[in-house]
Amino acid sequence: MNLPGFTGQLNHKNTGMSSGKKLLLMGRSGSGKSSMRSIIFSNYSAFDTRRLGATIDVEHSNLRFLNNMTLNLWDCGGQDVFMDNFLNKTDDSSNDNGSANNIFRKCEVLIHVFDVESKEVAKDINTFKRVLENLSKFSPNVKIFILIHKIDLVQSNKRQELFQLMYNNLKNIAFNEYGFKISGFATSIWDESLYKAWSSIVCSLIPNVAVYEHHLAKLIQIIDAREIILFEKTTFLVISSMNKSKSNSINNDAPLSNSLIQPVDNLDPKRFEKISNIVKTYKQSVNKIRSNFRNLILHGKNSSIYLDILTSNIYIMVIMENKMGKDDNYEIDNENMLTEDIKIARHLFEKIENKTVN
Amino acid sequence: MDKSIISNHNCETDSNATVLLMGLRRSGKSSICKVVFHNTQPLDTLYLESTTKPTTENFKSLIDLAVIELPGQLNLFEPALYDYEKIFASIGALVYVIDSQDEYLSALQNLGVIIKYAVSVNPKIRIEVLIHKIDGLSEDFRLDTQRDIMQRVGDDLLDYGLEGVQISFYLTSIFDHSIYEAFSRIVQKLIYELPALENLLDLLMQYSNFDKVFLFDINSKIYVATDSSPVDIQNYEVCAEFIDVSIDLDGLYETNNEDNRKKPTYSENTYDENRNVPEEVDNSQIYRPTKCISRLENGTMLYLHQMIRGLALVAVSRLENDDEITSISVIDHNVAIFKKSLEKMWEQAKLR
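Chains H and F, in that order, give the protein sequences. For the first sequence, the UniProt record's numbering gives the first residue as 1, with consecutive numbering after it. For the second sequence, the UniProt record's numbering gives the first residue as 1, with consecutive numbering after it.
Errors might be hidden in some of the hints.
To be verified - Quick partial rundown of chain F residues pointing at chain H, CB under 7 Å, derived from the structure:
#1 N199
#2 D202
#3 Q206
#4 L249
As the list claims (entries may be wrong) - A few chain H residues that don't get close to chain F, going by computed Cβ distances all over 10 Å:
#5 F138
#6 N292
#7 L296
Worth flagging that the hints you see were computed from the coordinates, not collected in a lab. C-beta: ideal position from N, C-alpha, C; glycine also.
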């Protein structure tokens, strides 16, 4: 399998830089950058983030993600002193000693956080512009995500309007002046919106999403499930998902335009993030009895849900339709068959994972 | 004359299951009600207004529980706005809330007066004292406060000549699970069938290899019964969270047909009324009870099985790895038998 993202990673290794994808997390002081990082990658609860202090300069964290991927998260302190330092150092001294600590070099992703309550919007935008300017100079292929954060502080009926306003504004700036296309999310640490944003960010870095999706489409037809979702193990971010209508379109070789396909049964569009949120809370609470979560089988009123380990880095969640009115024996056989199917699928997905390493 | 007898009789029948919540103003009574029975987030209770008239929460579970909350700023012996004698005669338990972060001497004085009155009206009344808002106190100060309060209440009762009155004390806070624990114990005392239930759960535990088993009310996370082994608060918390997980996950994938409209809104008080709809259909075996199993890395298994009347059985079990499928089948079978006996017990209770 020839994967474009993979060769890029090799180059990093050759140049002697730390391998992996470099993510910059920027934004003004107090906008919630470190809180986000702690919730997604360090299992903090939203309540715990009150204890976090200000980030000094840059905090690096290396995160292994899906076995073969390393995320280098650079959490940049947001006080004016630090920001000026980042921005000016790169401008002037990139020729001599600057090249080693130039933080804008070889970036794959910029995540810029905007505090929705900020009083100095003009200054925030100005900083954002300067960051973009540096990036267009040093890493022009960077992917840019903006997060309008702390959206829970806005009245719920005004959130969408406010977000659109800010997002369109920033989008125009980024595209017209620097030629960057950006994606934006409204986020809050108090609900599941944070997971949605980070899930899209991380998915944009996974090289073989299409492979996963292709195999999931096959799997869903074999199992005859309503929906299958893949999660990364430690962060519980959604990697890939597949439901019945989507799998049909893939197998008919129709153009893969997800937005056009309406799911047959209009399920909650936020369900992926909600699942991430629910399961992660559960994982934390299980830690109280000094253990870790392994799997979960739920026979509910509406559907049967199987959540199990697929590979060493992936959890799989299969949602089966409840066969109403069928007798019990059928259901029991069904459960065993499904676990067997997942076992077989496990080998396949392990192979996909390992292939990208070598 | 006839009328009063009838109304008295009515009071008599549900007297077992009414809880009266009292305390000085701002001691946190309404917050407790909101958090326990309405699933309100503890932080949101900051914005509650002060209660001006007695409010009654009806709460259907294994027993039909009613919680009456009295406004705190009322002087009990003002020319009667309310018929205190009737209220006190009809309740099963009096819960008095003391704010432990505030100066509590006046609260204790008030409590003494109330106990004296309550016992004179209804000698069988159970008196429960919540030493509330302990989240703000340090660990060793909590015990000091409890000891101090117990001492003073005891002295007060001696002065009134009421040595024989049994009072239970609980340290509670709405920011952790202690308030649920306290309410669980209070509610349990009001369940007539409790010894039989505990006995059943003990048997179930013995034959199913459970470490701990709770009978939960799904809506409020109060456990109406547990086996006779000591309650580990951490086990309780995990079990309560486990109920949330299974209900939330199931709720995300509701089927899109007509019974959808009757879908119980788990967060609201109307939950129990709606709950009865699928329950009746349950007998015709269209709806199977919700069941959820989760395994943990250290071999522990969490097991949830829906029971009658909005109850769920949640158990913590340690399985041997070699024969998982059979042992789960055995558990399923045992739990089904337990459910049948619960149904029978409920039938009998209605006749009583």
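Against the structure, the hints:
Interface hint status for F/N199: violated, as the beta-carbon distance to the closest one in chain H is roughly 26 Å, over 7 Å. Interface restraint check: F/D202 against chain H, minimum CB-CB distance 22 Å, threshold 7 Å, status violated. With a cut of 7 Å, the hint placing F/Q206 at the interface with chain H is violated, because the nearest CB-to-CB distance is about 22 Å. The beta carbon of F/L249 is positioned within 7 Å of a beta carbon in chain H (closest approach about 6 Å), and the interface hint is therefore held.
Against chain F, the non-interface label of H/F138 holds: every CB pair exceeds 10 Å, the least being about 43 Å. With a cut of 10 Å on Cβ distances, H/N292 falls inside the contact zone with chain F, its closest approach being about 4 Å. Residue placement check: H/L296 does not keep its beta carbon more than 10 Å from all beta carbons of chain F (closest about 4 Å).
Going down the numbered hints, you'll see the structure goes against 1, 2, 3, 6, 7, while the others check out.
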